[in-house]
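**Q** Could you build the full structure based on these sequences and the hints that come with them?
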Amino acid sequence: MSFANAKRIARRELRGGLRGFRVFLACLALGVAAIAAVGSVRMSIQLGLEREGAVILGGDAEIELTYRFAEPQERAWMEGVSDRVSEIVDFRSMAVVTRGEETERGLTQVKGVDGAYPLYGAPVLEPELELAAALAGRDTYPGAVMDPVLIARLGLAVGETFRLGAQDFVLMAALEREPDSAGGGFGLGPRTIVALDALQGSGLLAPGTLFESAYRLALPEGADLGAMAARAEAELDGAGLRWRDARNGAPGVAQFVDRLGAFLVLVGLAGLAVGGVGVSAAVRAYLDQKTQVIATLKTLGAETRTIFLAYGLQIGALTLAGIAIGLVLGAVAPLALAPIIQERLPVPAVFALHPRALAEAALYGALAAAVFTLWPLARTENVRAAALYRDGAGGRVPLPRWPYLLVTAALVGALVLAAAYLSGLARLTIWSAAGMAVAFIALIGIAALTRAAARRLARTRLARGRSALRMALGSVGGPGSEAGAVVLSLGLGLTVLATVGQIDANFRSAIARDLPDVAPSFFVVDIQNAQIDAFLERVEADPEVTRVQTAPMLRGVITRINDRPAAEVAGDHWVIQGDRGITYSAAPPEGAVVTAGRWWDADYDGPPQVSFADEEAAEMGLALGDSLTINVLGRDITAEVTSFRDVDFSNAGIGFILSMNPGALAGAPHTHIATLYGEEAADARLLRELGNAYPNITLIRVRDAIARVTEVLQGIAAATTYGALATLLTGFVVLIGAAAAGERARTYEAAILKTLGASRATVLANFALRSAIFGLAAGLVAIAAGAAAGWGVMTFVMETDYAFEPGSALAIVTGGALTSLVAGLAFAWRPLAARPARVLRASE
Amino acid sequence: MVDPVARLENAQLSLDGNAGRVDILRGISFEVARGETLGLIGPSGSGKSSLLMLLGGLERATGGAVRVLGQDLTPMGEDALARFRRQHMGVVFQSFHLIPTMTALENVATPMELAGAADAFERAEAELQAVGLADRVHHYPAQMSGGEQQRVALARAAAPRPEILLADEPTGNLDGTTGQAIMDLLFGLRDRHGATLILVTHAPELAQRCDRTIRLVDGQLETDTLASAAE
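Protein sequences appear in the order of chains A and B. Numbers given in our numbering equal positions in the first sequence, counted from 1, plus 3. For the second sequence, position 17 (counting from the first letter as 1) is numbered 10 according to our numbering, and the numbering increases by one without interruption.
No lab work stands behind these hints, which were simulated from the structure alone. Just so you know, even glycine gets a beta-carbon here, dropped at the ideal spot from N, CA and C. Heads up, a few of these hints could be off.
These stretches of chain A come out as covered by chain B in the derived footprint (C-beta under 8 Å, 3 or more residues) [as the list claims (entries may be wrong)]:
#1 459 to 468
#2 481 to 491
#3 755 to 764
#4 834 to 844
**A** As structure tokens, then:
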């Protein structure tokens, strides 16, 4: 039976050791290790979120309300179902420090807590202090603890006082760690914690002020969270409350980690594809060496199938070894780096061996290895017994037979499907796979084009007399050229890097360059009804304020659409997740375009009507005439959708999804928001003067907010760049492999050239030039592919303008040429140093 | 001998191998006159090819002196030797040693190109025509037969019009008829250009075509015979 024979042959062949397979093993191991490591970190965070859910959330469950505190009956319900209840309030404000004439102001996210806080976990304070003791304060001042970043920004020291609204606080300690910080999502200001009671005199919790209250519940041991959530919804009548529980304590973080992790796995797959080029080249080189052995085996009566199996088994054994090395590396690296990774994470992670992550990486490794080794293995069929006495070199290599092509296509399909299913990002996976396939084909085409162009150029007058150039071009274009493997591996690695570079650079320039030109200088929130007229008068009279916009502002939750629960109609659309800002006005706001329906008359006083942002309405499937039930401050308002508007959020101005007729919200306590436009130079003065005049209002400097968003984006870009660099590292290993495999040929070539009178400098220039040509070709393809992918992402995903970023592109081409040069020259030393006579004699 | 092309004085060559130091040439002395054809013969392993490599500056003598065209090759550096070869020598090997990534034309043009000749390609084409390969100029070595490859190698060695032609068993890898044709070509080229030819061979009939034959045995010169003396 051919399998037994194949096994015997494979075992004997493997006695020759793993020489020539170092690149094979390195490529496969690196690809698998990167995916296993990313997967392990992702699972470590997920496990941490699961295990520490209650600490992250601040309770087993949380009921959040907007703009209001719980009614007595609601509070009674909470106390009835739980062992303990903790009440907190969360809002933005300005921390003000006065030193003589000077005042310092800093935006802060204030958390007012009761005596039960925190139900789980404990904050870390510096100096070490119990939270209750810290919040009790000193002398006549209530106490506060504050994020060290804000302490530094305000130039505060422990023991000094600052003001929130109309209330003075004494800083008792720095807040080094807040146990429930990850549950709250993205905050624009650093945290300050004070006692809830102490806020009563601050004027910051006046009716209509933007604040959120949350009630954390410590439930009895073994409480069924699912059942409890259902009870809360039923018994509390869904009065604008939002339920969260420890099953998913930080949904934002969990989703972010999940998405970023899945995205990085896709980048890892790109790395595996690059490694696949090296794997394929290594198998091809190995089988080329084995031509004589295969021919001999055929002469001795071995069937094609036996030979295919014999070498398939060898490659299979090596694949298993490569995957095993990769899994060990991928499992151990996160454990070894756990302290460093944990320090950068906002949530606790449980670093351990995660078999699912490792199995996923092994599956990808096995499929990728099969995809990239099948074609070279199929070439064993082409070796004839006649190869023993006739050199078969120089012939064109035919495509494998159709069954091999079919199986390869099926394997690629399986790999893409597995990635789509396991990453949970099916669309992105399919687009990435398509992009990679296009890049692959483009690179193969460019490699062929480079060869043809080099061959042609070598014969032109331009190259004549320039021997190093002519020889380099001849070598790039001639038989046995490394163009295919080098351009493909380096090109794919650079393409991933170029794509990340183009997207990142476009993002940054969109935020840092374009936005400040159209964005306002300040967002002002919490302007009370009694203050709005004076406020407007003051800023409109200010010569340095070029434009002011104001709007009344309330917050509400869309609970029902056409009398059905909102989630049933709109799924998990972001507009129905949590509360949204709502405004009202008699006339359409300045610049607003009504795209469908009709705006209510200025004196309309009938049943409530609402105008909805048209893009979001289309996404949610809303139509004119639909009814929306919106819970505002615990009161349900049902309004008919009578018009759609075009709302532009890209200029950071005032934009509301929901706008109602004034009568609908009449009597509801509310505040006003404003946007102020002006030159940056006026920022400090406006902050000081308006802050002094209206201590209760919060001024958010838009430039600071942009900086904060940029900071978050930079973190994402950094993680992605590391992933892309791992791909490039694999590409570099493939390059080194190609250079090492070509060393013998280069040594031989150098010996002949020296015999013909070439100096070492000429030989070196020849080698360097060909490496540079490969690098340049790969870099140019990478830029084109990166620009196309960047354009696609910016245009279709981000829906913003794309501009080619030459800085990042130039870096890629230079980097590509240099990488190729380094890999090529690393293996030029031996050919240059070898004595021609010995080299030529050895090949006689 | 007046104005010899090459002069060896007690030339020695020892190489370090896995089995220890091996003495390949043990003190060889002789001179080669300008325009002479010299056959180097002897059994396998006697040091014929190594001697030819010393004369071509492809191997460095470990003792004694090797003078070619009045230059002592022993102290010369790699690059100086390379320049010396491209100005004065052409070498033909048993295994042809064509550069596989270059066409026939490019292979032949390379030494002249390296020497800075502006008409390298025109001369290469003419030389390929002279060896009967006018229709194979753009073929790569792998696309040609052994005989054709050796004709390209001959053209490459002869095209720069060297003063010395070194040939190391140029017919060793070819069948009898092709080998005969190659030898006719080699001697024809030498006659046309008047170069000094030093030829390593196993074939007695080839040695007989030379003006003089030196026989090596075990790294030492055994006999040095002039053709006229042998006749």
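**Q** Please write out, lowest number first, the hints stated earlier that are contradicted by the structure.
**A** none
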